[in-house]
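Residue-level listing of the chains:
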Amino acid sequence: EPEVTQTPSHQVTQMGQEVILRCVPISNHLYFYWYRQILGQKVEFLVSFYNNEISEKSEIFDDQFSVERPDGSNFTLKIRSTKLEDSAMYFCASSVRQKLDTEAFFGQGTRLTVV
Amino acid sequence: GENVEQHPSTLSVQEGDSAVIKCTYSDSASNYFPWYKQELGKRPQLIIDIRSNVGEKKDQRIAVTLNKTAKHFSLHITETQPEDSAVYFCAASHWSDYKLSFGAGTTVTVRA
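The listed protein sequences correspond, in order, to chains U and C. 1 is the number of the first residue of the first sequence in the working numbering; add one for each residue after it. 1 is the number of the first residue of the second sequence in the working numbering; add one for each residue after it.
Bear in mind the hints are in silico, worked out from the structure with no lab data behind them. Keep in mind the model is a prediction, meaning the values are calculated, not measured. Honestly, I wouldn't trust all of these hints.
Mimicking DMTMM-like on lysine to aspartate or glutamate, the simulated pairs with C-alpha atoms at most 20 Å apart in a straight line are [what the hints assert, rightly or not]:
no.	chain 1	residue 1	chain 2	residue 2
1	U	K83	U	E18
2	C	K68	C	D27
3	C	K58	C	E79
4	U	K42	C	D27
5	C	K71	C	E39
6	U	K78	U	E18
7	C	K58	C	D84
8	U	K42	C	E5
9	U	K42	U	E53
10	C	K58	U	E103
11	C	K57	U	E68
12	U	K83	U	D62
13	C	K68	C	D17
14	U	K78	U	D62
15	U	K78	U	D63
16	U	K78	U	E59
17	C	K42	U	D62
18	C	K42	C	D17
19	C	K71	C	E2
20	U	K42	C	E39
21	C	K42	C	D84
22	U	K57	C	D27
23	C	K71	C	E56
24	C	K68	C	D49
25	C	K42	C	D27
26	U	K57	C	E2
27	C	K42	U	E1
28	C	K42	U	E44
29	U	K83	U	D71
30	C	K42	U	E3
31	C	K58	C	D17
32	C	K58	C	D27
33	U	K83	U	E103
34	U	K42	C	E56
35	C	K22	C	E79
36	U	K42	C	E2
37	U	K42	U	E18
38	U	K42	U	E1
39	C	K57	C	D84
Working from the sequences, and respecting the hints, build out all of it.
This is the structure:
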């Protein structure tokens, strides 16, 4: 069964450093998403991406964040200068199309720890 | 924006009993309501979903009900088994944007 895969599974970084979280969506999917979950809190939407551009972003997704699809398979989330409050589990998801009938498939997550 | 509230935050049930998780949503335009199960250390996985043109949906031991007027929807698990132990998330979305707004999650523990 096809899966969304994320690397690394756990990333520890120093405050102020840049991190790149990587995701390989399911191959025939067209819509890509990043969500995050701070420990003990709800899963929050960050950004959606379609046709090589951001289609929607939340207020969390400020100028420190960026997304990119550098090739035909990877979808990355970059945090330019990490803060302690960026520590969270980051989930990538993908779907075939942005329609009612489509399931979003989630990756296993990357746990980001900023120290 | 959409705000989804989920209750209870934790639920402990005896094996074989039923479990019920309730969610409310704020945006009357939301019309898609999935439920995800997340086992420890694993990814969220869709277990059932319901659309606003349906009031109830069932899949074996799992059922979901939707009350559009009251803006709430519920997950029902019957004949619970130890493997049902997990965190369950409800979510809401509108067809025009697949951005999911999640509830805070319910940790379900099934006691053998």
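Check your understanding: Do the alpha carbons of U/K78 and U/E59 lie within 20 Å of each other, as the hint requires?
Key -> holds, 16 Å
Review point. Does the alpha-carbon distance linking C/K71 and C/E39 stay inside the 20 Å limit?
Key: Since the Cα atoms of C/K71 and C/E39 sit roughly 27 Å apart, the hinted pair is violated (cutoff 20 Å).
Check your understanding: Between U/K42 and C/E2, is the straight-line Cα distance small enough, at 20 Å or below?
Key -> holds, 13 Å
Point to revise | Agreement of C/K42 and U/E1 with the hint, judged by alpha carbon distance not exceeding 20 Å | key: OK: C/K42 and U/E1 at ~16 Å, within 20 Å.
Point to revise | 20 Å Cα cutoff - pair U/K42, C/E56 | key: violated, 25 Å
Exercise for review: Could you grab the alpha-carbon distance between U/K42 and U/E1 and see if it respects the 20 Å cut-off?
Suggested key: violated, 27 Å
Exercise for review: Mind checking the alpha carbons of C/K58 and C/D84 for me, to see if they're no more than 20 Å apart?
Suggested key: holds, 16 Å
Check your understanding: Are the Cα positions of C/K57 and C/D84 separated by 20 Å at most?
Key -> Between C/K57 and C/D84 the Cα gap is close to 19 Å, so the pair holds against 20 Å.
**Study point:** Hint consistency between C/K68 and C/D17 [alpha-carbon to alpha-carbon, up to 20 Å]
**Key:** Judged against 20 Å, a Cα distance of about 27 Å means the pair is violated.
Exercise for review: Compare the distance between the alpha carbons of C/K42 and C/D17 with 20 Å, and conclude whether the hinted pair is satisfied.
Suggested key: violated, 25 Å
Check your understanding: Is the straight-line distance between the alpha-carbon of C/K42 and that of U/E3 20 Å or less?
Key -> Status holds; Cα separation ~12 Å.
Point to revise | Hint consistency between C/K68 and C/D27 [alpha-carbon to alpha-carbon, up to 20 Å] | key: holds, 10 Å
In the structure shown, a violation is registered for the earlier hints numbered 5, 9, 11, 13, 17, 18, 25, 29, 32, 33, 34, 37, 38, in ascending order.
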